[in-house]
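> Going letter by letter, the sequence shown gives residues 1 to 459 in the numbering used here.
FYI, nobody ran anything at the bench for these hints, they're computed from the structure. Some hints here could point you the wrong way.
To be verified - Here are the simulated lysine-lysine pairs, DSS-like style, with alpha carbons at most 27 Å apart:
{"no.": "1", "residue 1": "K95", "residue 2": "K158"}
{"no.": "2", "residue 1": "K425", "residue 2": "K299"}
{"no.": "3", "residue 1": "K299", "residue 2": "K140"}
{"no.": "4", "residue 1": "K24", "residue 2": "K34"}
{"no.": "5", "residue 1": "K262", "residue 2": "K158"}
{"no.": "6", "residue 1": "K56", "residue 2": "K95"}
{"no.": "7", "residue 1": "K140", "residue 2": "K24"}
{"no.": "8", "residue 1": "K259", "residue 2": "K158"}
{"no.": "9", "residue 1": "K76", "residue 2": "K56"}
{"no.": "10", "residue 1": "K131", "residue 2": "K95"}
{"no.": "11", "residue 1": "K259", "residue 2": "K140"}
{"no.": "12", "residue 1": "K56", "residue 2": "K24"}
{"no.": "13", "residue 1": "K23", "residue 2": "K76"}
{"no.": "14", "residue 1": "K56", "residue 2": "K131"}
{"no.": "15", "residue 1": "K24", "residue 2": "K76"}
{"no.": "16", "residue 1": "K425", "residue 2": "K262"}
{"no.": "17", "residue 1": "K24", "residue 2": "K131"}
{"no.": "18", "residue 1": "K299", "residue 2": "K259"}
{"no.": "19", "residue 1": "K76", "residue 2": "K34"}
{"no.": "20", "residue 1": "K158", "residue 2": "K131"}
{"no.": "21", "residue 1": "K282", "residue 2": "K23"}
Claimed, not checked - Pair ranges (Cβ atoms, derived):
{"no.": "22", "residue 1": "E377", "residue 2": "P114", "range": "43 to 53 Å"}
{"no.": "23", "residue 1": "P50", "residue 2": "E188", "range": "53 to 63 Å"}
{"no.": "24", "residue 1": "K34", "residue 2": "F210", "range": "22 to 32 Å"}
Positions of the beta carbon are idealized from the N, C-alpha and C atoms, including for glycine.
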Amino acid sequence: MSSNSVHSDALVFFGATGDLAFKKIFPALQAMVKRGHLNVPVIGVARSAPDLAALKARARASLEAHGGIDPTAFEKLASLMRYVRGDNSDPATYKALCRELGDAQRPAYYLAIPPAAFATVVEQLMVSGCKKDARVIIEKPFGRDLPSAQDLNRVLLKAFDESAIFRIDHYLGKQPVHSMLFFRFANEMLEPFWNRSHIESVQITMAEDFGVQGRGAFYEEVGTVRDVIQNHLFQVLTNVAMEPPIRTDSESIRDEKVKVLKAIPPLEPEDLVRGQFRGYRKEPGVASDSQVETFAALKLCIDSWRWRGVPFYIRAGKCLAVTCTEVLMRLRRPPTMYERYSLESNYARLRISPDIVLAFGLNVTSPVEESQSELSELLASRHPCANEMDAYERVLGDAMAGDATLFAREDYVEEAWRIVDPALKAGTAVHEYEPNTWGPAEVQSVTPPGGWVNPVVTS
Numbered sequence: 001m002s003s004n005s006v007h008s009d010a011l012v013f014f015g016a017t018g019d020l021a022f023k024k025i026f027p028a029l030q031a032m033v034k035r036g037h038l039n040v041p042v043i044g045v046a047r048s049a050p051d052l053a054a055l056k057a058r059a060r061a062s063l064e065a066h067g068g069i070d071p072t073a074f075e076k077l078a079s080l081m082r083y084v085r086g087d088n089s090d091p092a093t094y095k096a097l098c099r100e101l102g103d104a105q106r107p108a109y110y111l112a113i114p115p116a117a118f119a120t121v122v123e124q125l126m127v128s129g130c131k132k133d134a135r136v137i138i139e140k141p142f143g144r145d146l147p148s149a150q151d152l153n154r155v156l157l158k159a160f161d162e163s164a165i166f167r168i169d170h171y172l173g174k175q176p177v178h179s180m181l182f183f184r185f186a187n188e189m190l191e192p193f194w195n196r197s198h199i200e201s202v203q204i205t206m207a208e209d210f211g212v213q214g215r216g217a218f219y220e221e222v223g224t225v226r227d228v229i230q231n232h233l234f235q236v237l238t239n240v241a242m243e244p245p246i247r248t249d250s251e252s253i254r255d256e257k258v259k260v261l262k263a264i265p266p267l268e269p270e271d272l273v274r275g276q277f278r279g280y281r282k283e284p285g286v287a288s289d290s291q292v293e294t295f296a297a298l299k300l301c302i303d304s305w306r307w308r309g310v311p312f313y314i315r316a317g318k319c320l321a322v323t324c325t326e327v328l329m330r331l332r333r334p335p336t337m338y339e340r341y342s343l344e345s346n347y348a349r350l351r352i353s354p355d356i357v358l359a360f361g362l363n364v365t366s367p368v369e370e371s372q373s374e375l376s377e378l379l380a381s382r383h384p385c386a387n388e389m390d391a392y393e394r395v396l397g398d399a400m401a402g403d404a405t406l407f408a409r410e411d412y413v414e415e416a417w418r419i420v421d422p423a424l425k426a427g428t429a430v431h432e433y434e435p436n437t438w439g440p441a442e443v444q445s446v447t448p449p450g451g452w453v454n455p456v457v458t459s
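Make a model of the complete structure from these sequences and hints.
Given below as C-alpha cells:
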C-alpha cells in the first residue's frame with residue numbers, strides 16, 4: 001500500500017455521460033457498491049444530461065447493457081449519486097461542484113474525458129478551491145510522445161503532488177496481469193532459470209481478431225504502438241523482467257519497473273515492423289491514405305545484469321487470427337549427448353487472456369519411434385473466476401484507497417516514451433496484411449530465434 005492511504009471521501013467523475021462512463025464506469029461503481037467498497041458521494045459532471053434523474057437513467061441503461069442490474073446495489077448507488085451540469089471550462093461549474101461536495105475534504109477527481117481537456121479541468125480545480133486534499137485520476141494516453149507527456153506532467157504537478165496523481169492503465173487492473181508479480185516472486189522454482197543464463201528469448205503477443213469497431217477517428221490519432229504497446233505491453237514486459245522489490249509497497253514495486261525501462265535503449269527503426277489490415281482505410285474516420293499501423297512487432301533489449309543479451313520481442317495487432325495475450329520464454333538448448341534427437345528448445349508459456357494458462361514445453365521420446373523426440377506441453381490452466389474484479393473496479397477502488405501500485409508514475413511514463421519515440425518519428429513503412437492472419441510478411445525481419453509461436457485458442 002501507498003503511504004498516502006487515507007480513503008477518498010467523494011468520487012467526482014468528469015465525462016459522466018460519455019462512452020467510457022457508459023461502458024465501464026457505471027458497471028464498476030455498481031460492483032464496488034455490491035462488495036461494500038463504495039459508500040461516499042458519487043458526483044457526475046457533464047453537459048448533456050439535463051438533471052440527476054437523467055444521469056440515473058443513463059446509469060441504469062449502462063448496467064442493463066453491461067452485466068445487468070443488481071437491484072439492491074443499484075438502489076444504493078443511485079442514493080449516492082449527485083450531478084453537476086456544466087461546461088468543463090466554465091468557472092460556474094466548479095462553484096456548483098464545490099457546493100455539491102459539501103463537507104468532503106479528500107475528493108478523488110476522475111477525468112474520464114479526452115486528454116486535450118485535462119489541463120482545463122486541472123487548472124479550474126486549482127483556482128476554484130475545489131482541489132482541497134484531493135487525488136486526480138486520469139486515463140491514458142499520457143501524451144502521444146515524450147514532449148507532450150512532459151507537458152501533461154507539468155500541468156498535473158502544478159496542482160497535485162505526484163503521490164496524488166493516479167494514471168490509469170486499466171490493463172494492470174486485470175486479475176491475470178495483477179497476479180503476475182505474485183506468480184513470479186511467490187514461487188521459488190522459477191528463479192533459477194529466470195535469467196540470461198537459461199532464457200534465450202522472450203516474446204509477448206497481444207492479438208485481437210477484430211478491427212477498430214467504429215473507432216477509426218480515435219485510432220487514427222494513436223496506432224498500435226501508442227494504443228497498447230507503449231503502455232499495456234510495457235507493463236507486462238516490466239512484470240516479467242523486474243527484480244524482486246525490497247518491499248511490497250507501491251513505491252518499491254514501481255521503482256523496480258522504472259529500472260527495467262531505464263535499462264532499455266531507444267527502439268531502432270529497423271527493429272520495428274508496422275502493418276495495416278486490408279480494409280482499415282475504409283473505416284469511418286480513417287484517411288484514405290492512412291499510414292497508421294494496426295499491427296506492430298518490435299525487438300528490444302534490456303541492458304541489465306539479469307537480461308543482457310536476451311532479446312525481447314513484442315507484437316500486437318487488430319484483425320489477427322485469434323484474440324489472446326500471452327508471454328513465451330524460450331530456454332536455451334541443454335548441453336546433451338542426445339544430438340541425434342534434434343531436440344527443440346524448452347519454453348515456459350504464460351497466457352493472460354482469454355483464459356489463464358501456465359505451460360512448459362518439454363522434450364519427450366516419441367510414442368511412435370523411441371529414437372525420435374517430440375515437444376510436449378506440461379499444462380496447467382484455469383479459467384477466470386466469475387467473481388473476479390473487473391479491471392475498472394479494481395483501479396478505481398485502489399485509487400480511492402491511495403494505493404498507487406497499479407498506476408504509472410511520472411518517470412515510468414516518460415521512460416516508456418523515450419524508448420518508442422525515435423522509431424515512431426522515423427516514419428517507417430506500413431505494410432498491408434490480410435485480416436485473420438498474423439500480420440504482414442515483413443514481420444519476419446523481427447522474429448525471435450525459433451520463430452514466433454502463434455497462440456491457439458480453443459473454445
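> Now tell me, hint by hint, if it's right for this structure.
Now for the hints, and whether the structure bears them out:
no., hint, verdict
1, K95 with K158, "21 Å, holds"
2, K425 with K299, "17 Å, holds"
3, K299 with K140, "24 Å, holds"
4, K24 with K34, "16 Å, holds"
5, K262 with K158, "25 Å, holds"
6, K56 with K95, "22 Å, holds"
7, K140 with K24, "14 Å, holds"
8, K259 with K158, "26 Å, holds"
9, K76 with K56, "12 Å, holds"
10, K131 with K95, "12 Å, holds"
11, K259 with K140, "21 Å, holds"
12, K56 with K24, "15 Å, holds"
13, K23 with K76, "20 Å, holds"
14, K56 with K131, "26 Å, holds"
15, K24 with K76, "18 Å, holds"
16, K425 with K262, "20 Å, holds"
17, K24 with K131, "25 Å, holds"
18, K299 with K259, "19 Å, holds"
19, K76 with K34, "9 Å, holds"
20, K158 with K131, "12 Å, holds"
21, K282 with K23, "26 Å, holds"
22, E377 with P114: 43 to 53 Å, "45 Å, holds"
23, P50 with E188: 53 to 63 Å, "60 Å, holds"
24, K34 with F210: 22 to 32 Å, "30 Å, holds"
Of the numbered hints listed earlier, not one is contradicted by the structure.
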